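K.L.:
Keeping the supplied structure of chain Z fixed, place chain V upon it in accordance with the hints.
These protein sequences, in sequence, are chains Z and V. Heads up, the working numbering is the position in the first sequence plus 559, with the first residue counted as 1. Read in the working numbering, the second sequence has 67 at position 70, and its numbers run on one by one without any break.
It is possible that some hints are incorrect.
Said to hold, decoys possible - Listed next, the stretches of chain V that the computed footprint assigns to chain Z, with coverage defined by at least 3 CB atoms under 8 Å from CB atoms of chain Z: (1) 32 to 39; (2) 53 to 63; (3) 68 to 82.
To be clear, the hints were calculated from the coordinates, so they are not data collected in a lab. Fair warning: this is a prediction, and the values are worked out from it, not measured in the lab. Glycine included, each C-beta is placed from N, C-alpha and C at the ideal position.
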Amino acid sequence: MSQRSALDKRRKRTLWTVIIAVVVLVVAAIVGFSVYNSQRSKPVATPKGTVSDGGTDSGLAVAGNGPVRVEVYLDFLCPACKSFETNANATLDQFVSQNRITLIWHTLGFLDSRSTTNYSTRSAAAAGCASDFGQLKAYGNALFASQPPEGSAGLSADQLIDLGGPAGLNSPAFAACVRDQKYKPWVGRITNDAARRGVNATPTLFINGKETTVNTVDDLKAAINAAG
Amino acid sequence: VSLARVRAWLGTLARLGLGSAFLAAGALKIGDLAASGRAVAAYHLMPYDVAAAVGAAQPFVEIALGALLVLGLATRFSAIIASLLIAAFLIGIGSAWARGLRIDCGCFSRGGDLTGDQRPRYISDILRDIALLLVASFLVAFPQTRFSIDEKLEAGTR
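Just chain Z, with the same shape it has in the complex (with noise of 0.2 Å):
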């Protein structure tokens, strides 16, 4: 064989391997891209309590109908968020019954890499379901109070369940509405919403649709004093 003929095939040999690793990585992207498509248009059943928060309306009503909208982006297995919790229930309460504000919660599943079995997904799913009872804000603070560590697998769908028990979620629905992780693509939807929104980390707090960050409680009263 001569030396240009081996060179022409070498270099015929090259290019079609080429292109074979292009149409493979552009075939790779392709496929990625229609399986979020697929995912992503689904239609989503929303609970009870979902209100208008200017713009996503992925928020969930806890309490109150004052003028200022108090909106925390939360997930049940982010121990920054239990503190948060700990340290402005009574300050929100407060506000809540002068009729001050409205206490609003995104419950993002945005931790689902840090438990084995998806657990911040699945307490936002069941936290959808108490607000379809109405119970939105007494199970949401049992799920803090019983905030299993990051990496665990969290607690069970039974034991999901029962925590509803104190808040009167005794009812065979609630406990079907948990167990079958009915909010589970709605969880999916609002997460997306708050990444949309530039919300990447949690707690993240809104006054009146401005994000604002607190340190202290006393920054929290004059943020919602400042706002009205």
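P.N.:
Chain V only, in chain Z's frame:
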């Protein structure tokens, strides 16, 4: 032992190592494409909807590229693509760090969010990506390796 033979064996290790890294990175993200998209969005480098699409495609591309490298098909081309991807990741992490964002790089996890009590690991992420970039560059320079489809094809047409 000739230098070419040493290179071929080092290249084989590089190819398998780099390929496995891409396979692992893709496999860890493919189970939750929405989370992968949020991890890209957390860098705040593109509009959310673009980030969501990129994040969904990324694990599939990483697995395909990992497979090309492990099989040794179009090794030099695959290594060039790998270098470009790693360089893009480095720029992303570096810019997140420079802008003071507190995010998980989402390199070998779904990443994205950090809760209040967690610290980003930018330095170790960047060092790891630089190491991977060196491995990929070696393959770009010396793509002839053992146990590869390229090698089989070469033998077939010789």
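K.L.:
Now tell me if each hint is right for this structure.
P.N.:
Do the hints match the structure? See the list:
1. Counting residues of the segment 32 to 39 of chain V whose beta-carbon sits less than 8 Å from any beta-carbon of chain Z gives 5, enough to reach three: the coverage restraint holds.
2. Under the rule that three or more residues need a Cβ within less than 8 Å of chain Z, the assignment of the segment 53 to 63 of chain V holds, with 9 such residues.
3. Requiring three or more residues with a Cβ within less than 8 Å of a Cβ of chain Z, the coverage given for the segment 68 to 82 of chain V holds, as 5 such residues are present.
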